[in-house]
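Numbering that gives the first Met the number 0 puts the first residue of the sequence shown at 0, with every later residue one more than the last.
It should be emphasised that the hints constitute simulated quantities derived from the structure, not laboratory data. Ideal Cβ positions, reconstructed from N, Cα and C, are used throughout, including at glycine. There's no promise every hint is true.
As the list claims (entries may be wrong) - Within a straight-line C-alpha distance of at most 20 angstroms, the following computed SDA-like cross-link-like pairs (lysine to any residue) qualify:
#1 K84 to W106
#2 K36 to S279
#3 K232 to S14
#4 K166 to N194
#5 K27 to F280
#6 K27 to W242
#7 K56 to A236
#8 K189 to C169
#9 K26 to Q41
Unchecked claim - Just the calculated beta-carbon pair ranges, DEER-fashion:
#10 T94 to K166: 44 to 54 angstroms
#11 K166 to Q261: 40 to 50 angstroms
#12 Q197 to G79: 16 to 26 angstroms
#13 H119 to H264: 50 to 60 angstroms
#14 K80 to H264: 32 to 42 angstroms
#15 K144 to P228: 32 to 42 angstroms
#16 Q130 to V204: 42 to 52 angstroms
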Amino acid sequence: MSELFEDLFGYAVNSGTIQSALERAYKKMAHVAEQIKTRALQSDCLHLDETGFQIAKKRNWLHVMSNADWTFLYPASSRGKQAIKDNLPQLYDYTGSVVHDCWSSYWSLHLAAHVLCNCHLLRELQAQIEQGSKWARRMHRLLMKLYQKQLNGELISPKSSQWRTYKNICNAALKEEPEPEKRSRGRPKKSKGLNLAQRFIKHQVPVLRFAMEPGIPFTNNQAERDIRPAKGKLKIAGCFRTWKGAHRYARILSVFSTWRKQNYHIFKELKAILNGNEFSFA
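Let's have the full structure, built from the sequences with the hints guiding it.
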């Protein structure tokens with residue numbers, strides 16, 4: 000930022016001025032971020048994800064709750080349920096659809112309808128296909144066929160032939176996958192293929208919800224896109240030195256991302272709230 004100002008205006012802004020401006024923006028955006036959180040939780044569908052986030056030289060986490068209209072990010076020391084309890088407890092009352100990658104903490108959202116990211120599942124199926132798995136090839140083909148039907152506006156019912164095919168593939172997977180290896184101590188070790196097959200069996204509705212209900216996405220790519228700028232920043236900066244800086248970054252990115260999604264002029268709106276004007280979404 001300092002170099003940019005020097006190139007544009009012939010004056011290098013010192014780091015203290017930049018930090019002061021960021022802190023001012025962070026405080027002025029508090030009510031905007033609260034609006035984003037509230038409005039997002041009123042949506043029919045939300046995408047959830049998290050990524051490792053270095054803060055004060057320790058591994059922490061950045062969480063995202065988003066959809067096509069809203070982005071809400073927050074840093075937390077935990078990747079699991081505690082992060083939601085401490086930062087976004089309202090999510091436990093959410094009754095819409097939540098799209099995620101099957102991370103265990105998201106299953107604690109008992110009132111929500113769960114949707115699994117099929118992009119993740121397709122990658123895991125592809126890995127098994129490369130190992131010669133027949134059931135994985137059949138499941139991969141079925142998911143892609145159902146995705147094409149969704150793109151064409153066609154939905155399936157629990158009594159459809161595709162549902163029967165899904166169940167048949169799951170049964171075939173159990174027969175094809177080897178039994179867990181017995182060990183002298185602890186639980187028998189399952190193969191990656193068996194773990195994947197059991198996930199398809201356990202979460203049949205979350206896997207296929209995209210093919211049964213209108214408006215349900217096939218992947219969790221929305222959340223991954225919304226959290227990607229933070230990953231890019233960490234590649235350059237390495238880490239956040241303080242929690243204050245991490246919270247500041249998460250809020251400002253949440254607001255900028257949401258403004259961009261809703262076609263607001265970011266510089267114009269930023270200048271307005273820094274000048275003391277209240278901002279409200281339409």
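List of violated hint numbers, smallest to largest: Violated hints: 9, 10, 13 and 16; rest satisfied.
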